[in-house]
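Number 524 marks the last residue of the sequence shown (my numbering); no jumps.
No lab work stands behind these hints, which were simulated from the structure alone.
On a predicted model such as this, the values are computed, not experimentally measured, just so you know.
Quick reminder that beta carbons are idealized off the backbone N, C-alpha and C, glycines included.
There's no promise every hint is true.
What follows is a set of in silico ranges between Cβ atoms, one per label pair, in the way DEER data are often shown [claimed, not checked]:
no. : residue 1 : residue 2 : range
1   : Val294    : Pro222    : 13 to 21 Å
2   : Leu313    : Val471    : 23 to 31 Å
3   : Val243    : Val471    : 37 to 45 Å
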Amino acid sequence: MKKIPKPKRGESTLIVDVNPLHRLPLVFVNLAVFAICCIVAFVCVVSMVDRFGEISFRDRSLLLSFMVNLEITALVVSGVLLVISFTGFVGALRENVCLLRWYLNGLILLIVINGLLAVGAVGIQFLSKNSAKSLFSIEMIESYRDNLDYARLVDYVQTSFECCGLTTDRYRDWNRNIYFNCSKSNPSQERCSVPASCCRPPENQSLDFEARLKRRFCGRSALAMTEQQAWNKIFTRSCVDAAVAFIQSNVYLMVGILLVVSAVLAVLRCMAGVVHDEVIELTRLYDDYYKKQARGARKSQARLEALREVTAMKHKLVHSRHHRRHK
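Can you make the complete structure from the sequences, with help from the hints?
Following this line, the structure appears as structure tokens:
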């Protein structure tokens with residue numbers, strides 16, 4: 198417990214402040230996070246306004262809805278971080294105990310979420326591929342041409358993981374799409390084809406218009422070929438298999454990143470806890486100091502009043518004696 202220090206020589210007021218080495222890093226770190234979150238939230242809102250008619254949560258799982266509407270996911274995450282960083286920034290800047298307590302609770306929440314993600318990253322390598330397939334919906338392939346959100350998500354996944362299709366049928370999943378279906382009754386120009394995102398990249402990475410136009414139709418007739426013939430043109434493995442393999446090969450990197458983030462959050466929480474305790478302690482010190490000053494002032498005032506009364510009585514006594522002599 199700190200003792201009440203004495204004012205500096207020549208000063209009548211006690212001045213004690215929170216250690217700036219604890220407080221200023223909190224102020225600047227949370228200000229930077231707050232500014233970044235504001236920018237991200239603004240970009241997400243603008244994107245949502247542009248795509249307002251396309252955003253929907255109907256007829257799909259909550260997980261799938263957040264996957265296809267990444268603006269909403271980013272907005273939710275940035276919104277949570279924005280609120281937490283705001284309480285940390287203002288709480289440390291203004292030495293506000295209430296906001297610092299909210300900030301401490303917010304950091305605990307983030308640390309718990311990071312821990313759960315780390316456990317999930319470790320546990321996902323033991324996840325069976327059948328269980329992983331249940332997280333995805335074949336509806337994304339069936340509605341590929343009718344739903345722009347599904348099309349963007351499927352193209353991104355197939356390009357990133359170099360895969361084609363979701364289930365054990367792999368690239369032949371595209372037979373379930375009415376536009377790519379290989380039946381003779383299908384009048385579509387894309388009959389027996391797969392999307393360009395399934396195609397293997399050409400050896401010559403030319404970006405001219407003609408090359409890009411040809412690549413758009415690189416999956417033509419892939420469903421009518423044998424698997425070996427199709428393998429020469431497109432990726433034939435399932436995207437679920439590719440995603441699980443990617444996670445399993447990078448699980449330690451993911452866990453390492455999450456642990457580093459958790460360590461940074463733990464350091465921030467320790468610093469915020471120190472600032473919180475210092476503010477409370479300094480509040481107590483100032484209260485004790487000014488109570489002591491007030492008690493001293495009251496005693497001085499009482500002495501002054503007593504002295505005035507004595508002086509007044511002396512003057513009265515002298516005046517009465519002087520009056521008697523004149524008589």
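Checked hints:
Val294 and Pro222 have their C-beta atoms about 19 Å apart, which keeps the hinted 13 to 21 Å range intact. In this structure the supplied range 23 to 31 Å holds for Leu313 paired with Val471, their Cβ-Cβ distance being about 27 Å. Under the hint 37 to 45 Å, the C-beta atoms of Val243 and Val471, about 39 Å apart, fit the expected range.
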